[in-house]
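The listed protein sequences correspond, in order, to chains Z and S.
Each residue of the first sequence is one higher than the last, beginning at 1 in full-length UniProt numbering.
Each residue of the second sequence is one higher than the last, beginning at 1 in full-length UniProt numbering.
Think of the hints as simulated: they come from the structure by calculation, not from any bench.
These figures come from a predicted structure and were not determined experimentally.
Just to be clear, a hint being listed does not mean it is correct.
Covered stretches of chain Z (in silico footprint by chain S; criterion: 3 or more residues with CB under 8 Å from a CB of chain S, positions within the stretch not fixed) [stated by the list, open to error]:
(1) 12-21
(2) 69-81
(3) 158-169
Residues from chain S shown here face chain Z by an in silico Cβ test under 8 Å; the list is partial [unchecked claim]:
(4) VAL13
(5) ALA25
(6) ALA26
(7) ALA28
(8) ALA38
(9) VAL40
(10) PRO41
Ideal Cβ positions, reconstructed from N, Cα and C, are used throughout, including at glycine.
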Amino acid sequence: MIQDLFTALYRMSQYFESGGIVMFPLAALSLVMWLLIIDRVLHFRRLYRKNMSSKAAWAHISENRMPDPAHYQGAISVLVAEFIRSRSGDPVLDRFILDETVLKINRSMDDHLATIGALAASAPLMGLLGTVIGMIVTFDVIAVFGTGNARAMAGGISEALITTQTGLLVAIPGMYMKGFLERRAQKLKQRTAVIGYYLRRHL
Amino acid sequence: MRGKEPENSYFRVLFRRRRGAWAMAAAAAAALNLAIFALVPYLLEADPEIKTYKKIASGINVIRMQEPEDPEPEPKEEEKEKEEEKEEEKPDPKKEAVAKKIARPEMTVPFDINPRLPAGPDSLELPEMTTPQAYSPKDMFSAGELDRPLTAVSRIPPTYPMRAKRRDIEGWVKVRFVVDKQGRVREVTILEQEPDGVFDKTVRNCVSRWRFKPGTVAGVKVKTVAETTIRFELD
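All chains, full assembly: derive it from the sequences and hints.
Here it is, written out as structure tokens:
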């Protein structure tokens, strides 16, 4: 078991070595991208679960009572808490404050999605850069040894192919996750907006 | 909600959860990346090495087994009989082995072996000495029976006869000759020619000057009968 783990690590280091210099920014990019993706997944999951019903939200606001974080942690309870914290007491002004709160929460839904998209889109480009570098290495080898020495050319060619492969392997799940997160954000935004209108009518 | 520590208890809880989520995301992202990059090299895995080894081995076997061309049961029996007869003699085993190897193809040559013949070639050691026939199967092998095809050391093309050149005659000569154990050409015979009597002289002259690497059967140098067709074409 541990032996296998070490073999895998060794092969990974070999893989990185044969991929050349582009592998390191690619790995860093992948790390940041997945960090943001997982954070967003956890965040949205929390906003989905343990949500308030619209009646409970209105009850909290009318009683001016902060929601209990053990019971409620969804997007609507965040909206209620934000509103209670910043409300003025004047119903006309409170409507504007409620609108602003809804807008603020909805804007925060999109927080890192654009970054994730940009990272996922730039991963294959970085793989392409690695390909170009690998081909340049190959041509340098050809310039020295001629086309006869296939073994020497193999280094550059494998660099070219491995970076492309890695770039695509980073980009494909990244792109998928971006789409998935955008759909979730859209749903959450709709839900908050609906509750916002409901509360506005009751104020 | 974000940034500095909020005053309200609800927001404090939210803030703590946010921080926990980030820590968890960092750990999960690191683990996921490690897994992806560790598994990718296994995508390139290829291990059909053992298979190819087996294939190569069997291929060699097939080639080596082909040597006796059409083993007729009759000559084998005869060989047995002969061996039984000579059990008392006990010849040198090494020489006998070589002689057997050479002798084996002779049995397959179309040659009427009469079992009732008086003991002609008694010993297996010296089969080629006892039969002085020109194309006797004892000492002569055709080019196809050799370990490898005959290779010419020097093969000068024949000169185009002046007479034929003047008259624009083209043609061909089919010639048979014997390459002896030293690689020299002997016994040149013209088998067929077209047209008659134009090219045979020059062919005889040039073919007898050719030199070959002596042909071998099972590593032993032998005389070889070879045939070739020489074409005379004007350009």
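Hint-by-hint comparison with the structure:
Residue count for the segment 12-21 of chain Z with a Cβ under 8 Å from a Cβ of chain S: 4. That meets the three needed, and the coverage hint holds. With a cut-off of 8 Å between beta carbons, the segment 69-81 of chain Z has 4 residues touching chain S; three or more are needed, and the interface restraint holds. Only residues whose beta carbon comes within less than 8 Å of a beta carbon in chain S count, and the segment 158-169 of chain Z has 3; three or more means the coverage holds. Using the Cβ-Cβ criterion of 8 Å, the hint placing S/VAL13 at the interface with chain Z is satisfied: the shortest such distance is roughly 4 Å.
For S/ALA25, the interface hint holds, the least distance from its beta-carbon to any beta-carbon of chain Z being 4 Å, beneath 8 Å. Look at S/ALA26: its Cβ gets to within about 6 Å of chain Z, closer than 8 Å, so that hint holds up. The criterion of a C-beta within 8 Å of any C-beta in chain Z is met by S/ALA28, whose closest approach is roughly 5 Å, and the hint holds. Interface restraint check for S/ALA38: the shortest CB-CB distance to chain Z comes to about 4 Å, inside 8 Å, so the restraint holds.
At a threshold of 8 Å, the smallest CB-CB gap from S/VAL40 to chain Z is about 6 Å, leaving the interface hint in force. Look at S/PRO41: its Cβ gets to within about 4 Å of chain Z, closer than 8 Å, so that hint holds up.
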